[in-house]
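Kindly generate the complete structure, drawing on both the sequences and the hints.
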Amino acid sequence: MARVLLFGPLSDIAGWRERTVDPAPSTLKALRAALSAEDAALGEALARPGVQAAVDKILVRGDATLANGAEVAFLPPMSGG
Amino acid sequence: MARVLLFGPLSDIAGWRERTVDPAPSTLKALRAALSAEDAALGEALARPGVQAAVDKILVRGDATLANGAEVAFLPPMSGG
Amino acid sequence: MIRLTQAPFEPGALLAEFSRGRRETGAIVSFTGLVRAEGGDSEALELEAYPGFTEAAIERIAMAAKARFSLQDLMVVHRIGRVGPGEPIVFVAAAAVHRRAAFEGADHLMDYLKSRAPFWKKSIGAGGERWIEPRPQDYEDAARWDERAPGSEPAS
Amino acid sequence: MIRLTQAPFEPGALLAEFSRGRRETGAIVSFTGLVRAEGGDSEALELEAYPGFTEAAIERIAMAAKARFSLQDLMVVHRIGRVGPGEPIVFVAAAAVHRRAAFEGADHLMDYLKSRAPFWKKSIGAGGERWIEPRPQDYEDAARWDERAPGSEPAS
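Chains as they are written, first to last, in the working numbering: chain A, 13 to 93; chain B, 13 to 93; chain C, 111 to 266; chain D, 111 to 266.
Simulated from the structure, these hints should not be mistaken for lab results.
Computed, partial: chain B to chain D, Cβ under 10 Å:
{"id": "1", "residue": "Pro-21"}
{"id": "2", "residue": "Ile-70"}
{"id": "3", "residue": "Ala-85"}
{"id": "4", "residue": "Pro-88"}
{"id": "5", "residue": "Pro-89"}
On a predicted model such as this, the values are computed, not experimentally measured, just so you know.
In this text, a Cβ means the ideal position worked out from N, Cα and C, and glycines have one as well.
Below, the structure written as structure tokens:
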């Protein structure tokens, strides 16, 4: 199982803010592919430049392996406060 | 009559902070001469570079005429707050 | 001290808290950012943070600013959730021995918070909702602090 | 608002007073200067002002800063008389639409107050009394704001 969190405009596009994916895909790349297969508009939004991913609250570049119970957050460009 | 005010180290030198000079000298230059005649150390301190004079709370450069009742302040270099 | 809060705050109370008992501090600079009412035309803001991640990101930049400007202490309070017109949205305070460090520390931290901190912000009004990006000016302000090659001129 | 006061003040209370009801202000910067206790080694300060003249001089520079930095409002509170170790001695606040103006307005006003305002200051301790002049740094800080020929580089 992996928890997936969407922030900012991403949650408007997907229509959800938080969900679980069970079983957890083994990598971030596989998770992106699974989300994209369900919702092409979300898949496209996640691939936009400036959208970052954090695994267990740590920013990752490129791919990453996902442990069971991982929390994956997709972070669009930050607005600042 | 003129009121004379000394600020900062000037009052330490003179041993007073405020006094009246009666009758009022007709000019700032004459007032300086009168103060200097009474107290040479004060006269010298008033002539130091950076010591400004204000007549009725307005800074003056050079000489100025003094009306009866004038308030003359001698202001050594300002320390800031 | 980094604090995200749903509840409104009063800047004077925060400065009182921050400045209490600072016997070895020479200078305290505070910044308060408010949502301007614009004569009733302005909209509410809705701020989203990633709890844990957002505080940690601000904490990292605060620690770096503390070292860079020799600050004694820093305080950051940021509203999240709905913030109405006329309400304070962010408060930053910096304490230092001398005033230049306190000014630069607070100024630097605000530039970071306004351009790069992990918040997502939308305006909510009669015309609907709209996500907000930093103004170009916010990026320029933040870039003033980027490290420069030795001998290069500072941006004005 | 320019205020000279013999009595101690609390910076938080002043910021609360200054920030109340500012619905069209986007940014408030405050500066508080304190007399550092230096672990008990520091001495009290005694500040002398020329009542009427000192406020008028600060008022002139405050009005010029308000115009130069497009400030909405300014507050200056300065202690006079005896100020003990650990006590606040000066408070400045600036309100503006945007944060850069508020920072620059408060920074500018403090540089002026520390170097050129009509105060005479002495330290009073076990070793006697000593009149204080501004530090060279204070003059340099104030000179940052002097008008420059177009095209010249700002001082860093």
